[in-house]
Every structure is written in structure tokens, then in C-alpha cells.
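Could you build all of it, start to finish, from the sequences and the hints given here?
Protein chains: 2
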Amino acid sequence: MGQALKRSTINSDRLWDALEELGRIGAFQSEHDEIMGVRRLALSDEDAAGRRLVIEWFRDAGLSIDIDQIGNAYATRPGIDNTLAPVMSGSHVDSVPSAGRFDGVLGVLGALEVIRSLNDHNITTHRPITIAFFTDEEGCRFATDMLGSAVATNRVPLEQAWSLRDADGRSVREELERIGFLGDEPVGLRKPHAFVECHVEQGPILQREGLDLGVVIGVQGISWQRLTITGASAHAGTTPLEYRRDAGLVAAKINAHMREMCTSGSFGELMLATMGVISPEPCSINVIPGRVIATVDLRNPDDTALESAERHLQAFLSELSASEGIEIESQLTARTPAVAFSPDVQSVIADTADSFGLRHRRILAGAGHDAQEWSRVCPTAMIFVPGENDGISHNPLEYSSPEQCANGINVLLNTILTLADQDS
Amino acid sequence: MGQALKRSTINSDRLWDALEELGRIGAFQSEHDEIMGVRRLALSDEDAAGRRLVIEWFRDAGLSIDIDQIGNAYATRPGIDNTLAPVMSGSHVDSVPSAGRFDGVLGVLGALEVIRSLNDHNITTHRPITIAFFTDEEGCRFATDMLGSAVATNRVPLEQAWSLRDADGRSVREELERIGFLGDEPVGLRKPHAFVECHVEQGPILQREGLDLGVVIGVQGISWQRLTITGASAHAGTTPLEYRRDAGLVAAKINAHMREMCTSGSFGELMLATMGVISPEPCSINVIPGRVIATVDLRNPDDTALESAERHLQAFLSELSASEGIEIESQLTARTPAVAFSPDVQSVIADTADSFGLRHRRILAGAGHDAQEWSRVCPTAMIFVPGENDGISHNPLEYSSPEQCANGINVLLNTILTLADQDS
Numbered sequence: 001m002g003q004a005l006k007r008s009t010i011n012s013d014r015l016w017d018a019l020e021e022l023g024r025i026g027a028f029q030s031e032h033d034e035i036m037g038v039r040r041l042a043l044s045d046e047d048a049a050g051r052r053l054v055i056e057w058f059r060d061a062g063l064s065i066d067i068d069q070i071g072n073a074y075a076t077r078p079g080i081d082n083t084l085a086p087v088m089s090g091s092h093v094d095s096v097p098s099a100g101r102f103d104g105v106l107g108v109l110g111a112l113e114v115i116r117s118l119n120d121h122n123i124t125t126h127r128p129i130t131i132a133f134f135t136d137e138e139g140c141r142f143a144t145d146m147l148g149s150a151v152a153t154n155r156v157p158l159e160q161a162w163s164l165r166d167a168d169g170r171s172v173r174e175e176l177e178r179i180g181f182l183g184d185e186p187v188g189l190r191k192p193h194a195f196v197e198c199h200v201e202q203g204p205i206l207q208r209e210g211l212d213l214g215v216v217i218g219v220q221g222i223s224w225q226r227l228t229i230t231g232a233s234a235h236a237g238t239t240p241l242e243y244r245r246d247a248g249l250v251a252a253k254i255n256a257h258m259r260e261m262c263t264s265g266s267f268g269e270l271m272l273a274t275m276g277v278i279s280p281e282p283c284s285i286n287v288i289p290g291r292v293i294a295t296v297d298l299r300n301p302d303d304t305a306l307e308s309a310e311r312h313l314q315a316f317l318s319e320l321s322a323s324e325g326i327e328i329e330s331q332l333t334a335r336t337p338a339v340a341f342s343p344d345v346q347s348v349i350a351d352t353a354d355s356f357g358l359r360h361r362r363i364l365a366g367a368g369h370d371a372q373e374w375s376r377v378c379p380t381a382m383i384f385v386p387g388e389n390d391g392i393s394h395n396p397l398e399y400s401s402p403e404q405c406a407n408g409i410n411v412l413l414n415t416i417l418t419l420a421d422q423d424s
Numbered sequence: 425m426g427q428a429l430k431r432s433t434i435n436s437d438r439l440w441d442a443l444e445e446l447g448r449i450g451a452f453q454s455e456h457d458e459i460m461g462v463r464r465l466a467l468s469d470e471d472a473a474g475r476r477l478v479i480e481w482f483r484d485a486g487l488s489i490d491i492d493q494i495g496n497a498y499a500t501r502p503g504i505d506n507t508l509a510p511v512m513s514g515s516h517v518d519s520v521p522s523a524g525r526f527d528g529v530l531g532v533l534g535a536l537e538v539i540r541s542l543n544d545h546n547i548t549t550h551r552p553i554t555i556a557f558f559t560d561e562e563g564c565r566f567a568t569d570m571l572g573s574a575v576a577t578n579r580v581p582l583e584q585a586w587s588l589r590d591a592d593g594r595s596v597r598e599e600l601e602r603i604g605f606l607g608d609e610p611v612g613l614r615k616p617h618a619f620v621e622c623h624v625e626q627g628p629i630l631q632r633e634g635l636d637l638g639v640v641i642g643v644q645g646i647s648w649q650r651l652t653i654t655g656a657s658a659h660a661g662t663t664p665l666e667y668r669r670d671a672g673l674v675a676a677k678i679n680a681h682m683r684e685m686c687t688s689g690s691f692g693e694l695m696l697a698t699m700g701v702i703s704p705e706p707c708s709i710n711v712i713p714g715r716v717i718a719t720v721d722l723r724n725p726d727d728t729a730l731e732s733a734e735r736h737l738q739a740f741l742s743e744l745s746a747s748e749g750i751e752i753e754s755q756l757t758a759r760t761p762a763v764a765f766s767p768d769v770q771s772v773i774a775d776t777a778d779s780f781g782l783r784h785r786r787i788l789a790g791a792g793h794d795a796q797e798w799s800r801v802c803p804t805a806m807i808f809v810p811g812e813n814d815g816i817s818h819n820p821l822e823y824s825s826p827e828q829c830a831n832g833i834n835v836l837l838n839t840i841l842t843l844a845d846q847d848s
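Protein chains in written order, with the working numbering: chain H, 1 to 424; chain Y, 425 to 848.
Be aware that a few hints might be false.
Claimed, not checked - Cβ-to-Cβ under 8 Å is the rule here; a few derived chain Y residues that face chain H:
#: 1; residue: N546
#: 2; residue: I547
#: 3; residue: Q644
#: 4; residue: W648
#: 5; residue: H659
#: 6; residue: T662
#: 7; residue: P664
#: 8; residue: S688
#: 9; residue: G689
#: 10; residue: I702
#: 11; residue: V711
#: 12; residue: G714
#: 13; residue: A729
#: 14; residue: A791
#: 15; residue: D814
Read the hints as simulated data drawn from the structure, not as lab findings. Every residue gets a Cβ at the ideal spot worked out from N, C-alpha and C, and that includes glycine.
In C-alpha cells:
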């Protein structure tokens, strides 16, 4: 083992075939010619079919399988010393309603391909390796994302997760039971040696910069607010400027100020702010908007900077409210802290990518991932693979090439090998 | 006649009773407790009932009545010299779908009260006086406002007006015939000595400034544009600033710039600009808006300044499009020129208001009125009466007090007397 193993390679065709086969489960004809979309909502019949196919592949690879009480599947390949904590890798097979074939799936089938390659080459590792898929990462159906890994890592209590219901009133527990994935392994006990997840970037950076890989340094903290801006609806022709209380104009000033907060540097170089919803009432050409509902999405990899941005925006809203004579009510609708991944695991990934001559950079995760849950219990990092079309995702057009996927999983394989040989 | 007549007064109670009685035709219970709304869409059964009641009152006042081919009703009281052009006054009795009791009606029943008062006091005028109501001022049903007065003053051809159809496919001509108001007087022949119209302000200025009357100096020119702002929809978490093409942010910058155009003074003190419609796609908290439909409403009493504002905005949009890498398509959807009312008629109104000790100011009309059509054929001006609640209009809450209405119609009476005594 050791240095010689650092350049083991996977079977790229086999990985691609697996991606294609799983992509046929829940496939539908999308609006884009000849492009098939994927719909495998968590704990639906399609998700169940996908899970069963992957479990069958896990069994065929000689792995021992455990299902926990929230439906997470763990498949373990023994190491030389099975008293040691395993290296864990995995992601999810559930999807958003109109998805592509890579989000989550690359991390699960990539981990499977790692095991298959180790089997091919008769490689034995010091530590055991556990590959896994986690329940309802997307959160589209039961409104809580990263649900399975959040329960497995003790952030969300099992009973609370079980009692979540979809729009039709069906609970997580009922649906787990119905599809045969209400396992008996208690949740919250697994403490891996390290966790590493390969995932598509879902953003434009790697493609635009011509890079092969991203070494993920962490997940941004997110602050979501809903603003209710109340002025006075009035006639656009008969209301002089001095009597206007234009809620649309105030929303515009907030939007422009949010961009200035990003470019000012006051909250670091990676501050992001977006006004995604702008909804005036009335919405008519000759009426000054009396009320606007608008949303604020603030993101920063540094929680202190994010808090500072939140306070700054709140102060700006207060000033603006006073100067414009307009009421601005802000409601915090979501707040997730920033996650910093393990520098050690990042280094292993970066060194491994270098050994393959792959061009890479440190990158932030803009969206949520199972890895951020596991980062609370063990050293964790992620590998990002670039995607076409500015990394479009949650869309049937999502696409990473066979070579791009193979690059990511080759680095995953050799990263796992390095981590699995670590003593502590 | 002469100076002695300048202070004739109307019967305020009779005016108020007439306003109340006509307000019961097409009345409906509005969402506001105990407040009745009015719905008399042009050429509907309710409009027809309102017209018949007013015609009956005209007859009872001894007037001779003519209906023209577009359904305008003219009722004339002879003067001493009936070879002279009459002084004309009037407005409309049709309404928007959810109206109050004053818009238009005050100008028609006010003119009727002028005649009734002249009859009461046995006052004879040098010139004849014609009072009138005009077809479909609101434009809600057949999509062309000031239709009757526009046809009467040769801006809109009769055949074109007749062929306009409502949402159910019924034409103006069919509906005129159906309700018995397809008259036989040829349109486009009347050339009054002067035209004066009393109307509710429909804006906040008079009430906020504690004034009794507005002497209307003209109607603003209006420029309506529909903007299609096309950027790129992208993930709010994974898209760095430098790759964003945020159509919502660009709309915000345009909105803020429009306000700066008003406050800069570059387009005069009375420049108004409003973004009433702001409609992003998608409209989701964590997605950068890829496309925004927005509207621009520019108003200015000076056509040259309005044109200059249009050119300035176009140049700003071009610069912004280039600097932000965003496509901005602008489409002119309406353009009406500014109308300047007769300084002579304004002076008569202002002097008359002074003679009653009423507080008044020169004011612009923000909305369209029949008077602006007549201003092309004879010296014209308007009297504005203040309204409660910032002059709310096109709403059941529209309200001017008996005293406010009487002030306006007292000034209308004595203005008409002065104009009717003019030789040329």
C-alpha cells in the first residue's frame, strides 16, 4: 500500500454506465429535445426503485449493508483492522422534481465505483470503507433538506423527522415503511474516521476557469429574510414626488444597496446577496406600488461576516424606512451557519489531484450537501466536478462529461485510500 | 348683467341631491362598510339609465337637446345673440368598474346646476350656453379613453370609434343603437366660444395644501414604455458576482435612476416617473432573476422636456445594457402629447375664485379629461375640486364634501357668466 496506491484508477466506462442506468429510473421526457429529466422525489416509488438498484449493486460488490431508522443505507467493505473507524463516502439518490442525472448520484455511484475498483485490483485498506446514501437530501417533499444525514449526525431528532408530512399528509415514517426502507439500525451512532463526498459543482466557476476539480473549503452560511415594504399606492399621474411613498422604489434601493454590500469588501470577498422575489401590489403601469414583498438571500463562508452583514442591512432598512416614510418589516425565514471543512482532508484531495496533474482550486459550496452534516462528527471535505452550461443543476440540462466524472472519482478513490491508511 | 352677476350662487343642496340620485344608478355594495360603489361602464344598461335621468333633468330645465352620432348629449340654453358660439361645459357620466360618485358626474350635474341657477335668477346671457356629457370618457370598456369628445373634436374618426369592440365582441355602434343613443347630429361641427369643465382632482395636492380649488393649467404629456430586461437566471448560492447577470438588479437601477431624473431638475420641476410593474422570472428566493418585465410611466407638462426625458432614459438604458451585459428591450406602448390650457380662461377662473375668497392654486391634471380634447377647438380650462383621502378616485371611497362641490360649481357658474358675456 502507501505511495504506490495513490495512482489507482477507476473504470470510467463502468461508472458512466451506472450513471446512465440509475438515470433511467424516474426518467421523463423534458421540454428540451431528446434530453431526459429525472424525478425521484424522496421516498416515492421512483426513489425506492433507485434505492433497490443501488443496494443490489452494493451487494454484488460484496458489501455488508445496514439500513438505519431514517432510511440511510450504509455498505461496508472491511479493512485490515475493523476495530478502526471507517472512511465514509456517499451522497443521495433522491432528486428535485425536474432534475438531471448527476446531482447526488455521482457521489453515490462514484463511491460504488471506488469499491468496485478496489475489488478489481485486490486492494486491501487498513481501515474499513463505508459507502452510503442518505434519505431526502433535497428536502423538496418534506421541506427539510439533508434530512437523513441530519438525523444520522444528531442535528434533527428522529421522531421529529419521522413526523414530517408531505403535501398529501403522508409522513416520513409511513413512507419509509411503505417502500421497505424503515431500517433497524439506531441513528446517531456512526463516527467515521473521515467523510469525503464527490458532487457536481452546480455553479459556473470551474467551467469558466477551465479547471478539472474543486477542493471544497466549506459551505456558506445562509440568511434568508422576507421583507414587507409598505408605502402607499397612488396615481402615477396625480401624485407629486413629495407625496409619494413608493414601495417599489424602496425595494430598488435595497436591491442596489445589497449589491454594494458585496462589492464594498466590508464583509469579505465572498459576500453574496440576492433579491430573488420582488412582488409589487398593485402591479399596474400607472399606479405607484403601495406594497412590495421582497426576499433577501445573504451568503458568506464566515459566520461573523454574515452576522455583520445582517446587522448592517438591518440598520440600512431602518434608515431607509425613516427617510422614505415607509414601513419595512423583515422576517428571518431561514438561517444556517457556515461550515468550514477539514483543512487536512482538503490537503489530501488537493495533493491527490496534483498527482493526477489535474487543474483545481479551492471553492465554496453554494448549496447544501450531506457532507456539511457529517463535518460535525468527523474531518470532512468535498470534491466538486465541473458542469456544462455554467454548471446548471436542478434541471434536465445538468451535464458533466465522462472524463469530468472520472477525474472526480479517480481523486475520490485515491483520497479514500490515503485516508483509509491513516492511523488516527 | 356684468359685474353684478359675478357673484351669483348655486343651490348647493340641489346639486348634492342630484349627485346622490345619479349615484344610485349602477350602485353596488363595496367592500368598505356602508360605502356604495358605482359601476356604469360606457354604453351599458346602467350608463343608459344614468344618461336618461340626466336628459330628463336637462329637459326639465328647459334645454333643447341634441345627440350626436357618437352618443354625446348637448343641451343648450339660448342667449341674447344665438348667432354667437356658445360657452360649453360638461364631462361624463360613464364610470370605471369600481367607481365613486363624483368623477365626471360633478362636471355634468354641476353644469346642470349652473343652468338651474340661471333659471332661478332669471339671468339671461349674451351667448348661448351648452352643457354636455360625452361618451366613454373612461375607456375601460372599449379601450380608448375620451372617446366621445375625441370624435366630436375630430381626433378619432367616427367609423373607427363605431367599430371598437368590447371584450364580448359588441361594437360601440351596436351598443349606441341598443341603448337608444345613436344620435343623428353629425360629429365634428361644434366650435364653442370656450370650454370649461369642473372635475374632482383625483390627487392629493389641494387637500394637503388646504386649498379650495385648483385652476388647471393643462394636462401632462404621457410616455408609457414596457421594458423587457433579459439577464440570466442562476443559483443565488453558487454564482459569484462576476458571473451574475441579474435582471432584477438592473430593473432596480433603472427605477432609482428614474427618480433621479425627476429630482435633478433637468426636465423641469414637474417631471414624474413611475415604475408600476416589476415582474421577475423566476420569482424565487434563491434564484437570480433572469428576466424582468417592468413598465415606465413618464409625465411632463412640457412636450419638449418629455421628449428630452425619453431620450435621456434611452441613453441610460443603452449604457446600462452595455455595462451590465444585459439586454434591455423597450417598447413604447402609449404616447399622448401635453396639453396647455388657455391662460385667458384660467384667469377668468382664478379671478372668479378670488371674488369668492376661495384659496386656489394653478395645478396640472395628472389624468386625461374631456377638456383636453375640446382644448384643440376652443379656449379651454378646468376647475379642480379637492377630494378626501389624498383625492382617492376610481374607488368607492372617492369623496368631496357638499361645500367643496359647491365651491367648484359656484366658480363654474360665474366663470361661465363671464365667458358668456365676452364679445369674441
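Practice item. Return the status of the interface hint for I702 of chain Y: holds when the least beta-carbon distance to chain H is below 8 Å, violated otherwise. Key: holds (5 Å)
Exercise for review: Please verify that hint: H659 of chain Y, Cβ, nearest Cβ of chain H, below 8 Å or not.
Suggested key: holds (6 Å)
Review point. Should the interface hint for Q644 of chain Y be scored as holding, given a Cβ-Cβ cut-off of 8 Å against chain H?
Key: holds (6 Å)
Exercise for review: So, S688 of chain Y near chain H? Judge it on the closest CB pair being under 8 Å.
Suggested key: Nearest chain H Cβ about 12 Å off; hint violated.
Check your understanding: Does D814 of chain Y pass the interface hint, meaning its C-beta sits closer than 8 Å to a C-beta of chain H?
Key -> holds (7 Å)
Review point. Does I547 of chain Y meet its interface restraint, that is, does its C-beta lie within less than 8 Å of any C-beta in chain H?
Key: violated (35 Å)
Check your understanding: Can the hint on A791 of chain Y be confirmed by a CB-to-CB distance to chain H that is less than 8 Å?
Key -> holds (5 Å)
Exercise for review: Closer than 8 Å between Cβ atoms is the bar; does A729 of chain Y clear it against chain H? Give me holds or violated.
Suggested key: Given a least distance of 15 Å, the restraint on A729 of chain Y is violated.
Practice item. Have a go at the N546 of chain Y hint: is there a Cβ in chain H nearer than 8 Å to its own Cβ? Key: Result: violated, 40 Å to nearest chain H Cβ.
Check your understanding: Holds or violated: is the Cβ of V711 of chain Y closer than 8 Å to a Cβ in chain H?
Key -> This hint holds: V711 of chain Y lies near chain H, its Cβ roughly 5 Å from the closest one there, short of 8 Å.
Exercise for review: Would you check whether P664 of chain Y satisfies its interface hint, that is, whether its CB is within less than 8 Å of any CB in chain H?
Suggested key: holds (6 Å)
**Study point:** Interface hint for G689 of chain Y, Cβ within 8 Å of any Cβ on chain H
**Key:** Because about 12 Å separates G689 of chain Y from the closest Cβ in chain H, which is outside the 8 Å limit, the hint is violated.
Violated hints for the displayed structure, listed by number in ascending order: 1, 2, 8, 9, 12, 13.
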